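J.: Sequence:
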Amino acid sequence: GVHMIGPQVSELICEAGFAMAMEASAEDLARTVHAHPTLAEATHEAALATAGRAIHKINR
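Numbering (this note's numbering), first residue to last: 199 to 258.
If you're looking for bench data, these hints aren't it; they were derived computationally from the structure.
Since we're looking at a predicted model, the values are computed, not measured.
Among the hints, erroneous ones may be present.
Said to hold, decoys possible - The calculated lysine to any residue pairs, modelled on SDA-like cross-linking and capped at a C-alpha distance of 20 Å, are:
(1) Lys255 to Ala238
(2) Lys255 to Glu243
(3) Lys255 to Pro235
(4) Lys255 to Ala224
(5) Lys255 to Phe216
(6) Lys255 to Ala222
Work out the full structure: start from the sequences and follow the hints.
T.: Structure representation (structure tokens):
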């Protein structure tokens with residue numbers, strides 16, 4: 199499941215719910231095109247980070 203609290207979480211929880219319904223892996227999310235600029239890009243960035251491919255953070 200997913201729990202979120204805060205402003206504009208409806209944009210983020212929708213993406214998480216869809217990923218759960220589709221049984222998507224982190225790699226599936228990383229390969230999905232995300233609109234820019236949106237909060238949903240955070241999901242994309244997190245999925246990329248699981249494979250060390252995040253764009254907006256220093257990969258070590």
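J.: Are Lys255 and Ala222 close enough, with their CA atoms no more than 20 Å apart?
T.: Status violated; Cα separation ~23 Å.
J.: Regarding the pair Lys255 and Ala238, is the alpha-carbon distance no greater than 20 Å?
T.: 16 Å, holds
J.: Regarding the pair Lys255 and Glu243, is the alpha-carbon distance no greater than 20 Å?
T.: Between Lys255 and Glu243 the Cα gap is close to 9 Å, so the pair holds against 20 Å.
J.: Next pair to validate is Lys255 with Pro235; report whether the Cα-Cα distance is within 20 Å.
T.: Given that 20 Å is the threshold and the Cα spacing comes to 17 Å, the pair holds.
J.: Is the straight-line distance between the alpha-carbon of Lys255 and that of Phe216 20 Å or less?
T.: Status violated; Cα separation ~25 Å.
J.: Are the Cα positions of Lys255 and Ala224 separated by 20 Å at most?
T.: Holds, at roughly 17 Å.
Hints 5 and 6, counting from the list given before, are not met by this structure.
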